[in-house]
Every structure is written in structure tokens, then in C-alpha cells.
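Take the sequences, apply the hints, and build the full model.
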Amino acid sequence: MAQCVKKINCIVCPLSCVGEVTLEDGKIKEITGFTCDRGNKYGEEEVTLPKRTLTTTVKVDGGELPLLPVVSKAPLPKDKVMDCARYLSTVSVKAPVAEGDIVCSNILGLGVDIVATRDLGVFSAN
Amino acid sequence: MLNIDKADIVIIGGGITGTAIARELSKYELDVVLFEKAPDIGVGSTKANSAILHAGFDAKPGSLKAIMNVRGNKLYHDLEEELGLDVKWTGSLVVAVNDEEMETLKELLERGRTNGVPGLEIISREEVLAKEPNITQTVKGALWAPSAGIFLPFGAALAFAENAIKNGVKVVTDCPVEEIVTEGGKITGVRTKHGFVAAKYVINSAGVHADEVSRLAGDDSFVIKPRKGEYVFFDKKVSSMVKNVLFPTPSKVSKGILVAPTVHGNIFIGPNAQGVEDKEDVATSLGGLGEIIAKAQQLIPNLPMGAAITQFSGLRAAADGDGDFVIRPSTITQGLIHAAGIQSPGLTSAPAIAEETGNILRSQGVELKPKANFDPVNPRKIIFRELSHEAQQELIAKNPLYGRVICRCETITEAEILEAIHGLCGARTVDAVKRRTRAGMGRCQGGFCGPRVTAILARELNVSVTAVRKDTAESYLFFDKMTADSKEALQ
Amino acid sequence: MSDLNYDIAIIGGGPAGLAAAHSACQSGAKRVLIIERDRELGGILQQCIHNGFGLHKFQEELTGPGYASRYIKLVKQDAEVEIMLDTMVLEVTDDKTIWAVNPQKGFMQITPKAVIFTMGCRERTRGAIRIPGFRPAGVFTAGAAQRMVNMEGYLPGKKIVILGSGDIGLIMARRMSLEGAKVQGVLEIMPYSNGLTRNIVQCLEDYDIPLHLSHTITKIHGTERVTGVTCAAVDEKMQPIPGTEFDIECDCLLLSVGLIPENELSQAAGVTLDNITGGPVVDQQRQTSLSGFFAAGNVVHVHDLVDFVSEEGEIAGKYAAQFAAGTLEAPVRTIAVAAGDGIRTVVPQKIALPDNPTEAVRLFMRVAKPDKKVTISVTSNDQTLVERRFPVAKPSEMIVVEVPAAKLLNAGEQLAVSLQSKQGGEA
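Chains A, B and C, in that order, give the protein sequences.
Position one of the first sequence corresponds to residue 1 (this note's numbering), numbered consecutively onward.
Position one of the second sequence corresponds to residue 127 (this note's numbering), numbered consecutively onward.
Position one of the third sequence corresponds to residue 618 (this note's numbering), numbered consecutively onward.
One should not assume that every hint holds.
Claimed, not checked - Once the Cα atoms are required to be at most 27 Å apart in a straight line, the calculated BS3-like pairs of lysine-lysine come out as:
| id | chain 1 | residue 1 | chain 2 | residue 2 |
| --- | --- | --- | --- | --- |
| 1 | C | Lys693 | A | Lys94 |
| 2 | C | Lys989 | A | Lys7 |
| 3 | A | Lys80 | C | Lys775 |
| 4 | C | Lys713 | B | Lys362 |
| 5 | C | Lys775 | A | Lys59 |
| 6 | A | Lys94 | A | Lys41 |
Don't read these hints as lab results, they were simulated from the structure.
And the structure:
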């Protein structure tokens, strides 16, 4: 039985607890050290299918600002974050935009929407 | 494309020397073109020095340095008025901290009097402390030179250039001279990326590159051996630290490391002196900065290092041999006139060097016929932060862009930045705007205004933000984002 | 010259100013002016497009713009609030006259009854830390670069080295990577990073970006554009160790080497500053040494959680409103608050004790070095008023200790805040 212990720095909240996840034959045997449920869940996920929230910008057409900040509504698989960011670099939205508007639905088929994190009005010459 | 195919005089190099000569020659009925290789004038030694109008006691009597220094110092009094130069006649002190140095002061006093420097006197320890309360307690006395001053060398070069342009000189930047064409030992013209310009006379005021330019014309009679000097600049809020220009007692090699005010209220320390091989080497160094701080602390022990805001260095264009200025016609190539080897006191000497260059041209047979409509005066620039509230309000009512402050630290408005860009010798880079307006010279060092100035330059010059440069020809600041569908190659 | 009478003028429309404005209205102020130099409200938050904001305040992880949006919406609904954008304050005099300019109204003389300073901070520059070398294009402070990337839409470079491992540097390491740039490494002069562990993980480890602790930059190369940096290890005095130099190729150096509260206006007005925080000395109501002048947010001391910035803004707004209405109770006495052993800074530095105090005073502090299992005590005249235990204490994470009103009555002329360590030394 191959056992390995992974040390995980939790990133869920600023306490940054350090936990340990013990794997036996690739399956989780034990999770210790985290001080809350979110931490335990993070520890579990980080070892099996690590996820990260993506924040970036997309271009805006005719907006009062040239860029719109966006966020993934749910965390994305960690190994797909860069691909999603590169994809969003090609995306452009038309102003006006409202906070929460979906800028990209089901990005790269991962089941996660990318939404605007602020309102952005139409460019006015004044 | 440049529409110049001939000129009477070509000036190579747009530093303090070249621009002063351009201004001098603009008084006469002559077709003059000045070529400057960088995107702006005055970006060599002219923008990185101690900014002092020396009294003239330092140079060897009878040398060109001595003669030009004293004459130039006098000429600046008139130029200050005509061209609206920023000058403060602070006077300078050479500080002695032991008996040996006091003896050296006496030598400087004698030398100064021989050179014709007015008002020199040796003052006592008490008098020095009264003038400079923060000076080292070990002071024994000082040489007081009331005719010394501080000014803005880049501002002067710009004023010279603007007045020259106003009076018909063409100033071409971003344009190195690639070839000096001669026939039978006589100059026939110069070649740049814009083509050939026929000319019989070329003035070599190319700073650290003057020996290279000379060689382009077949004259290898001198070599420039650059000497680097490093500086540390301090925040205006510690301006009370020193009132006069403070020199230590000099050595054979250099005037020493000063502590001095600038005409706009900053304080600086420096320069050290280090020979360099590479003419592009204007890097500051840990050792160099350490050296100037240690030496400056010998003059002003409580140097407020926490208030240091920037460091830079410049190169002295020192000629080999006796190190004196090289102001003479070439003995090898007819038509080539050197105004080279202009190290300290080059800034002070510039107007006198310009006069002398005129004399040399006359001696070569060039007719210097005064221009009837020569206008010696530059219009005064509007400096928003110096105006009264009423005047500021009036200004904004006429031009709303005086109401948008772009540089918070120095209170520079968008209108002033536009003036700098669209002036007679307009700014085309971020640092060119900085030198003309002071935007970016404050304590945040362009952190707030830099991106804004970049955007304004892009807008006014009708180029993309990515085409805006910091200072030198290839100093691009920003890049377009790399989109997944673009062809940008990544490491 | 237009004459503008307000109850309160707030200089700076970032999170501190927005919270102050809303709170002032809630506390009865009738005319509140926010003066903002940028083209929109929100301050630095608008360029902080990453998340992690508002965990305390809203129990949610918002992005910077999302957090700003909450307050901007509140303030836009407050009828008492007037907003001036694209407006720069040139001077504030101690009689509460504010001289400001903008292109539309020109030169203005604003005369409020109370002033709140919420100007935030500026970044420490290359010149201030004296990095030797050339001065090529491509050296930027991390915040200025962040604005270009996130708001103007340009990259400061494509091969990046970052000096400073505080959160701003770490966030930019990730941001530049997401934009397709190669981040060669992060250098940190201290033997530990000042940033949150979560940022080390998701900004450096996730992107395989090396972190060089106890290192600094000894030379910047490149005559026109940055071509690389020379790095060296440093000793305990943070001086470069000769012989440890190595070069990193890059076209851009981002500096994340500290923030400085921006107090040019406050200092010129005559407000007393605290040499260590860099901001005004304030009492628990956030009033400065000048009567009727208040301050909140990064201008008082550099924060790491925007939630505390909002809290400070709310305090300043509330008491500025009382001051403007003439109802601010004069204190019975003033208690000084001093940072003792193990504590680097404490705000407020004074407590203006009212007759019958009912409100607790929250002391916001930073410890001097990272530690574990510490006890922070607030004492006065050898009496311990409050004692709190913390499993972890880091200089980069502001700590709040609350002193109940009842305890304040027992306090002498000075409160001392100090730290005792069970473990001692680095975390």
C-alpha cells in the first residue's frame, strides 16, 4: 500500500491553516489540520481536483473604459485556468454592461460562467 | 521627410554647447541646421550635471576653460532676462576643514583674481556657519564666490534651441549624422537618414561623441575620455539643509563632491569621478552612490538620506591631453570647427563658446551679417503653480485644460504639458515632457502622472500608446496585450 | 471664485472616502462633498480586479470593483452627497478652506465645516530605495503597472522580475502570467514574505514562479529598455553579500517595495503626523491634531483589509458629521496610546475620552515581526485592561484589539500595547 502525505496551505481565508491530506493508493485516507469545513473541503479538492477562481479583464466596445473586469462565478479546474484566461483575451463585449452580466457562458465547456464585476456605461464625449 | 538639402552651417550635437551656438548664429544671415541624434535636445551631459554657473576661480589661468567660464558667467546675466532662464545667483563656498585646505583656498583666491572673477574673499569659520548652519563643525573657513549661481541646464539648452528656431535655425532631432563628406580635405556636406545636406562648415559639438564625429571628417587629433559622475537628489521638503553651493576643497582630478541646492528647490549631492570605457555607461553603482554619500556627509553630517528621491549619473566629455576645451578649427579638415571636450565649466562657458565659434567662423572667411529682425527674447512660459488664485481662475476660464492637474507632486496641468509637446522644440517623449514641465520630478517620480503623460503624448502626437518612448530612441514603455489569436511569440 | 459651503468635504473617493460619506449622511450631515481626482469613484479598488475583498464586511469574497460598487451605489443614493470628479485639491488651509481645480468649474474655494482626509497612499519608488544601474524604460511600481494592465489595457513588459513579495507584488505575478507574460521570479529582501500565504500558493506556486527570500536587486541593466537585473543575497543587515550575485534576464522590473500614506495636503494644513505610520496622529473618532480635520484609511496607516478601511471611514464620517453639527462632545481628558514591546504601530494614537464613555475603542495594530502563540496586552499604570491571544501574528496582517468602554474609565494617561511571545521569533 503506497501512502503519501501532502501538506496543503489552505487559501480559503486569511488564516491560511496548514493541513495534511494522507493518500493511500491514490485515495484519500485522512484529512487533518484544517480548522473548518471549508478548509477540509479545500484540502480534499486540492488533492483530487484542484480549483481556482479566475479574475481577469475583457475588452469593451464603446465603453467609458477600455476594459471590463470579470470573474468566474465558480472556481475552475486549476489546470484550465490559463486556457480560460487566454480565451478571454480574445473576447470583447459591447457597452453598456451591468455588474453580474454574463460575459462568457460555460467557458470552454467547463460549466462555469464568466461575469462582469462592475457596471460599465457607454462612452460619452463629455 | 526632411526638406533640407543645403545649409551654410551644420551643427552636430544639440547639448548646451550646440544649442548655444545655434542661438548665437541665429543672430546672423546664415542658414543653420542642427542635427541631434537623440529624440530630444540636451539629453547627454547637459541633463546630468551639477547645474552650476561657476565663478571661474578653478580653471588654470589663460586656459580656454578660464577665459570662457568668466565670460560665460557674465553673459548669463543678460541671457537670463532675454530668454527667461531659471537662474539663482546663490554664490558658492569652497569649504576647508584643515590648515592645508585653507592654504589651497588662498591659491584658488589668487587664481580666481587672475582669471578676473569678481568679489572673491576668504571668510571665517563663524561666517561660514552663519551662512550654513548645517555644515560640518570641523569647518575652518571657506572661499566665498558671490558670482556663482545655479540654473537649469536643460532649460537653458531648450531656451537656446527655441530662440534659435524662432530666428530661423532648423533643429532636427532623432537624427544622427552618419557621414561627413569631404573632397580634397574640405567638407562638402553631411549625410543623415534623411539624405545629403550640402554644407561647407560643420561645428562639432557632439559631447562624448565629439572624437567620433571628428574622425568621421578625417580628423583624429583628440580623444574623448568620458568620466562618469553620480548624483543623489533629495525631496524639496529638505531644501533648508543647504542654501549655497558647497564645494569641498578640490583635488587635482575633480572639483569634488558637492552639496548644493537646485534652482527649483531640490538638494543634491555628487558627483564622484570615474573614467569609463563605454560611452553609454551612465549607470549608477552601489560603490559610487556609497562614495558620494560618505563624502557629502563630511560636509553636511546630518544628510537626510530618507528624503532621497532619485539617483542618476552623467558623463563628462573630457578631452585627452591637458583636458582643456577643444575650441578651434580642425587643422586637418577644412570647414570642421571643434567645440569639443566641453567638461566642467562647460555649462557656464557655453554662451562664450558660442561667441568664440562665431569668431572662428569669421576668421575662416564666413560673413556674419546681423539679421535685421533677430528677436532675442523668448516669450515667458506659463507656470500654473506660481500664479495667484485669481490668475489661475482666469487661465482656466480661457483654457479648461489648465484645470486638470496631471502631475500631483509638482502641480503641473494638462495645458502646460500640451505647451511642452507643441512648443517650438516640442517634447516627443515622456522624459522630454518631464524636463520641460517638471512632471515626474516629484516624490512619486512619475508613478501617478507617468501613464497619464504617456496617454497625452499618444493622443497629441497621434500615435498609439505603445509607440510612446521614455527618453531614448528605442525606450518604448508599453506593449499591446497578447491575445490568444495574435502571433506574439512567448518564451 | 465660487464659494461652496458644505457640512463635510471628503478628499478622496476611494473606499475610505465612500464609507465616510455614507456614514456622515447616516449621522445627519446635510451637505457632503466628495472630491476625487480620478474620472470615477472607487479609488485603488477599481484596478484591484482580483477577489478576496469583503470577507469581514459582507461575508463574501468580492473583487475590488465589486466591493467599490457596493459603496458607490450607497453613496449615489444618498441625496446629501455631491461628487466632484476629475478634481484636484491643491491646498487645504487650517481654517478649513480647500482650494481645488477642475476643467469644468475652474478654480474653486470650498469651505466646509469639517474636512476628512482620505487620500490613500502612494508607492515607494526605485529612487527612494536607491537601486543602482541604468534608468531604462520598463521599471514600474507594481500599482502603476496594475493600472495599465487592468484599466488602460497595456502590458508593462513580457518577461518580468518583481521586487517585493507583499500582496501587490504577488498579485501582479499572477496577473502578468495570466496575460501571457513570463514572470522570472520574485525577490524579497526579508527572510519571509509579507504577503498572505494564500497568495504565495495561488500566485507563485500555481505558476511555478521562484521566490528568492533574503535577496535584493543590485543593478538594473539596459540603456533603453530593461534587459535584466543583477540580484544578490543579503545579510542580517539587509546588505548585499559580495559573491552571491546572479543575473536574471527580463524586460520589465515591477517594484512592490512599500506604500507611503499620501499626506502632502494634511501636512501642509498643519496636521501632526506620526513618524512611524506616516499618517496623521488621530483619536478614536479619527480626528487629527487640528480640530475639525478627520482622516481615515490608507492615509492614516497602510491597511491590508479593505473592510477595516471602511470601518475607519465610517468612524470618521460619523464624528465629522457631529462636528459639523456642533454636537461633537468635548472630551473630558485625552489618553495617549503607545506602541510597546513587539508592536510597531497602533492607531488611534490618542483616545478622546468623553464623559460617560459607552463605546469600545478598537485598536488597530501591526506587530514588529512574525510570531506564533502571542499574547497582546493593553495596559495602563501596570494594570492589564485587555489581554488577547493570537495563534499567529504577522506584520503584514493588521490586528484589532477592542478595549471596552468600562475599561477606559480605569485607564491612566497612557495606554501601552505590547506583545508577549510564548514561542519567540519567526513564524
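Verification of the supplied hints:
1. Taking the CA atoms of Lys693 of chain C and Lys94 of chain A, the gap is about 24 Å. The hint holds against a cut of 27 Å.
2. Restraint check for Lys989 of chain C and Lys7 of chain A: the C-alpha separation of about 19 Å stays at or below 27 Å, so the hint holds.
3. For the given pair, Lys80 of chain A sits about 21 Å from Lys775 of chain C by alpha-carbon distance, which is consistent with the 27 Å threshold.
4. Simply put, Lys713 of chain C and Lys362 of chain B have alpha-carbon atoms about 25 Å apart, close enough for the 27 Å limit, and the pair holds.
5. At roughly 19 Å between alpha-carbon atoms, Lys775 of chain C and Lys59 of chain A fall within 27 Å of each other, so this suggested pair holds.
6. Between Lys94 of chain A and Lys41 of chain A, the direct Cα distance comes to roughly 38 Å. Violation of the 27 Å bound is thereby established for this hinted pair.
Of the hints listed earlier, the one the structure fails to meet is number 6.
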